[in-house]
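Asker: Residue numbers (our numbering), protein chains in the order written: chain E, 68 to 175; chain R, 2 to 111.
Hints are computed from structural coordinates only; laboratory data are not their basis. Honestly, I wouldn't trust all of these hints.
To be verified - Distance windows between CB atoms, simulated:
{"no.": "1", "chain 1": "R", "residue 1": "Gly41", "chain 2": "E", "residue 2": "Pro175", "range": "23 to 31 Å"}
{"no.": "2", "chain 1": "E", "residue 1": "Gln76", "chain 2": "R", "residue 2": "Glu80", "range": "29 to 37 Å"}
{"no.": "3", "chain 1": "E", "residue 1": "Thr172", "chain 2": "R", "residue 2": "Arg15", "range": "41 to 49 Å"}
{"no.": "4", "chain 1": "R", "residue 1": "Ser109", "chain 2": "E", "residue 2": "Pro75", "range": "28 to 36 Å"}
{"no.": "5", "chain 1": "R", "residue 1": "Lys72", "chain 2": "E", "residue 2": "Leu78", "range": "38 to 46 Å"}
{"no.": "6", "chain 1": "E", "residue 1": "Asp133", "chain 2": "R", "residue 2": "Gly41", "range": "22 to 30 Å"}
{"no.": "7", "chain 1": "R", "residue 1": "Ile61", "chain 2": "E", "residue 2": "Asn105", "range": "43 to 51 Å"}
{"no.": "8", "chain 1": "E", "residue 1": "Val111", "chain 2": "R", "residue 2": "Glu57", "range": "19 to 27 Å"}
{"no.": "9", "chain 1": "E", "residue 1": "Arg108", "chain 2": "R", "residue 2": "Leu111", "range": "23 to 31 Å"}
{"no.": "10", "chain 1": "R", "residue 1": "Lys72", "chain 2": "E", "residue 2": "Ala77", "range": "20 to 28 Å"}
{"no.": "11", "chain 1": "R", "residue 1": "Glu57", "chain 2": "E", "residue 2": "Asp74", "range": "16 to 24 Å"}
{"no.": "12", "chain 1": "R", "residue 1": "Glu23", "chain 2": "E", "residue 2": "Asn97", "range": "29 to 37 Å"}
To be verified - Some chain E residues flagged as far from chain R (calculated, every beta-carbon gap over 10 Å):
{"no.": "13", "residue": "Asp74"}
{"no.": "14", "residue": "Gly107"}
{"no.": "15", "residue": "His124"}
{"no.": "16", "residue": "Gly168"}
As the list claims (entries may be wrong) - With a Cα cut of at most 25 Å, we get these calculated DMTMM-like pairs of lysine to aspartate or glutamate:
{"no.": "17", "chain 1": "R", "residue 1": "Lys58", "chain 2": "R", "residue 2": "Glu18"}
{"no.": "18", "chain 1": "E", "residue 1": "Lys123", "chain 2": "R", "residue 2": "Asp2"}
{"no.": "19", "chain 1": "R", "residue 1": "Lys71", "chain 2": "R", "residue 2": "Asp39"}
{"no.": "20", "chain 1": "R", "residue 1": "Lys56", "chain 2": "R", "residue 2": "Glu23"}
{"no.": "21", "chain 1": "R", "residue 1": "Lys71", "chain 2": "R", "residue 2": "Glu31"}
{"no.": "22", "chain 1": "E", "residue 1": "Lys93", "chain 2": "R", "residue 2": "Asp39"}
{"no.": "23", "chain 1": "R", "residue 1": "Lys4", "chain 2": "E", "residue 2": "Asp150"}
{"no.": "24", "chain 1": "E", "residue 1": "Lys93", "chain 2": "E", "residue 2": "Glu120"}
{"no.": "25", "chain 1": "E", "residue 1": "Lys137", "chain 2": "E", "residue 2": "Asp74"}
{"no.": "26", "chain 1": "R", "residue 1": "Lys56", "chain 2": "R", "residue 2": "Glu80"}
{"no.": "27", "chain 1": "E", "residue 1": "Lys93", "chain 2": "E", "residue 2": "Glu72"}
{"no.": "28", "chain 1": "R", "residue 1": "Lys56", "chain 2": "R", "residue 2": "Asp96"}
{"no.": "29", "chain 1": "R", "residue 1": "Lys14", "chain 2": "R", "residue 2": "Asp39"}
{"no.": "30", "chain 1": "R", "residue 1": "Lys58", "chain 2": "R", "residue 2": "Glu23"}
{"no.": "31", "chain 1": "E", "residue 1": "Lys93", "chain 2": "R", "residue 2": "Asp60"}
{"no.": "32", "chain 1": "R", "residue 1": "Lys58", "chain 2": "R", "residue 2": "Glu31"}
{"no.": "33", "chain 1": "E", "residue 1": "Lys137", "chain 2": "R", "residue 2": "Glu18"}
{"no.": "34", "chain 1": "R", "residue 1": "Lys56", "chain 2": "R", "residue 2": "Asp39"}
{"no.": "35", "chain 1": "R", "residue 1": "Lys58", "chain 2": "E", "residue 2": "Asp150"}
{"no.": "36", "chain 1": "R", "residue 1": "Lys71", "chain 2": "R", "residue 2": "Asp52"}
{"no.": "37", "chain 1": "E", "residue 1": "Lys123", "chain 2": "R", "residue 2": "Asp96"}
For each residue, glycine too, the CB sits at the ideal point set by N, CA and C.
These are the residues of each chain, in order.
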Amino acid sequence: SQQGEEDPQALSIQEGENATMNCSYKTSINNLQWYRQNSGRGLVHLILIRSNEREKHSGRLRVTLDTSKKSSSLLITASRAADTASYFCVNTGNQFYFGTGTSLTVIP
Amino acid sequence: DVKVTQSSRYLVKRTGEKVFLECVQDMDHENMFWYRQDPGLGLRLIYFSYDVKMKEKGDIPEGYSVSREKKERFSLILESASTNQTSMYLCASSDWQPQHFGDGTRLSIL
Chain E
68 SQQGEEDPQA
78 LSIQEGENAT
88 MNCSYKTSIN
98 NLQWYRQNSG
108 RGLVHLILIR
118 SNEREKHSGR
128 LRVTLDTSKK
138 SSSLLITASR
148 AADTASYFCV
158 NTGNQFYFGT
168 GTSLTVIP
Chain R
2 DVKVTQSSRY
12 LVKRTGEKVF
22 LECVQDMDHE
32 NMFWYRQDPG
42 LGLRLIYFSY
52 DVKMKEKGDI
62 PEGYSVSREK
72 KERFSLILES
82 ASTNQTSMYL
92 CASSDWQPQH
102 FGDGTRLSIL
């Protein structure tokens, strides 16, 4: 399959806690992107990490990439209720293939 | 900011009808995409277009066609709607990366 596999499928945390979600591929990773989807809305691009990068930060987001393990993780620090959404990873080399995502619920 | 506008947020149609879903982008992007999203299946690519009047089939083109007469507009057509086409339809555009999505059309076929 060319889709990424996000893990866990669902995650529920308290506001202020950190949320970590993972993405793995069976194919080699080119650049990797993370998107967010609020309920009933379209996807919004969050961050792109290039294949020669190991870690990237954007505000409260931290993304890591391990090309040897074909995996990536997204960490959201100090979560807020507004972070409640589904999160998807996409391998830029297979840009049409979105997985089923991780559904994150942040409880106020 | 890039804006991708889908003509309807919610749409209800009957089996056998010909259904048109419209998508317009305002950033002069070359590429446009149509996906459908179903629970447990993620997003699946129906068609994409990399230029005016050009189109390529995605993973699930059966029962659908597309039209791109102008660069900013990409239409998805359900030739004869069936109940298994009830879904969330998402349009996106890009030059390369990332893709910019519309808010989706939730289509129900009765």
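Asker: Now tell me if each hint is right for this structure.
Answerer: Structure-based check of each hint:
{"no.": "1", "hint": "Gly41(R) <-> Pro175(E): 23 to 31 Å", "verdict": "holds, 28 Å"}
{"no.": "2", "hint": "Gln76(E) <-> Glu80(R): 29 to 37 Å", "verdict": "holds, 34 Å"}
{"no.": "3", "hint": "Thr172(E) <-> Arg15(R): 41 to 49 Å", "verdict": "violated, 36 Å"}
{"no.": "4", "hint": "Ser109(R) <-> Pro75(E): 28 to 36 Å", "verdict": "holds, 30 Å"}
{"no.": "5", "hint": "Lys72(R) <-> Leu78(E): 38 to 46 Å", "verdict": "holds, 40 Å"}
{"no.": "6", "hint": "Asp133(E) <-> Gly41(R): 22 to 30 Å", "verdict": "holds, 27 Å"}
{"no.": "7", "hint": "Ile61(R) <-> Asn105(E): 43 to 51 Å", "verdict": "violated, 25 Å"}
{"no.": "8", "hint": "Val111(E) <-> Glu57(R): 19 to 27 Å", "verdict": "holds, 25 Å"}
{"no.": "9", "hint": "Arg108(E) <-> Leu111(R): 23 to 31 Å", "verdict": "holds, 24 Å"}
{"no.": "10", "hint": "Lys72(R) <-> Ala77(E): 20 to 28 Å", "verdict": "violated, 40 Å"}
{"no.": "11", "hint": "Glu57(R) <-> Asp74(E): 16 to 24 Å", "verdict": "violated, 31 Å"}
{"no.": "12", "hint": "Glu23(R) <-> Asn97(E): 29 to 37 Å", "verdict": "holds, 32 Å"}
{"no.": "13", "hint": "Asp74", "verdict": "holds, 14 Å"}
{"no.": "14", "hint": "Gly107", "verdict": "violated, 7 Å"}
{"no.": "15", "hint": "His124", "verdict": "holds, 18 Å"}
{"no.": "16", "hint": "Gly168", "verdict": "violated, 7 Å"}
{"no.": "17", "hint": "Lys58(R) <-> Glu18(R)", "verdict": "holds, 22 Å"}
{"no.": "18", "hint": "Lys123(E) <-> Asp2(R)", "verdict": "holds, 23 Å"}
{"no.": "19", "hint": "Lys71(R) <-> Asp39(R)", "verdict": "violated, 29 Å"}
{"no.": "20", "hint": "Lys56(R) <-> Glu23(R)", "verdict": "holds, 15 Å"}
{"no.": "21", "hint": "Lys71(R) <-> Glu31(R)", "verdict": "holds, 11 Å"}
{"no.": "22", "hint": "Lys93(E) <-> Asp39(R)", "verdict": "holds, 23 Å"}
{"no.": "23", "hint": "Lys4(R) <-> Asp150(E)", "verdict": "holds, 22 Å"}
{"no.": "24", "hint": "Lys93(E) <-> Glu120(E)", "verdict": "holds, 19 Å"}
{"no.": "25", "hint": "Lys137(E) <-> Asp74(E)", "verdict": "holds, 14 Å"}
{"no.": "26", "hint": "Lys56(R) <-> Glu80(R)", "verdict": "holds, 17 Å"}
{"no.": "27", "hint": "Lys93(E) <-> Glu72(E)", "verdict": "holds, 9 Å"}
{"no.": "28", "hint": "Lys56(R) <-> Asp96(R)", "verdict": "holds, 15 Å"}
{"no.": "29", "hint": "Lys14(R) <-> Asp39(R)", "verdict": "holds, 18 Å"}
{"no.": "30", "hint": "Lys58(R) <-> Glu23(R)", "verdict": "holds, 18 Å"}
{"no.": "31", "hint": "Lys93(E) <-> Asp60(R)", "verdict": "holds, 19 Å"}
{"no.": "32", "hint": "Lys58(R) <-> Glu31(R)", "verdict": "holds, 16 Å"}
{"no.": "33", "hint": "Lys137(E) <-> Glu18(R)", "verdict": "violated, 44 Å"}
{"no.": "34", "hint": "Lys56(R) <-> Asp39(R)", "verdict": "holds, 23 Å"}
{"no.": "35", "hint": "Lys58(R) <-> Asp150(E)", "verdict": "violated, 34 Å"}
{"no.": "36", "hint": "Lys71(R) <-> Asp52(R)", "verdict": "holds, 9 Å"}
{"no.": "37", "hint": "Lys123(E) <-> Asp96(R)", "verdict": "holds, 23 Å"}
Checked against the numbered hints above, the structure breaks hints 3, 7, 10, 11, 14, 16, 19, 33 and 35 and satisfies the rest.
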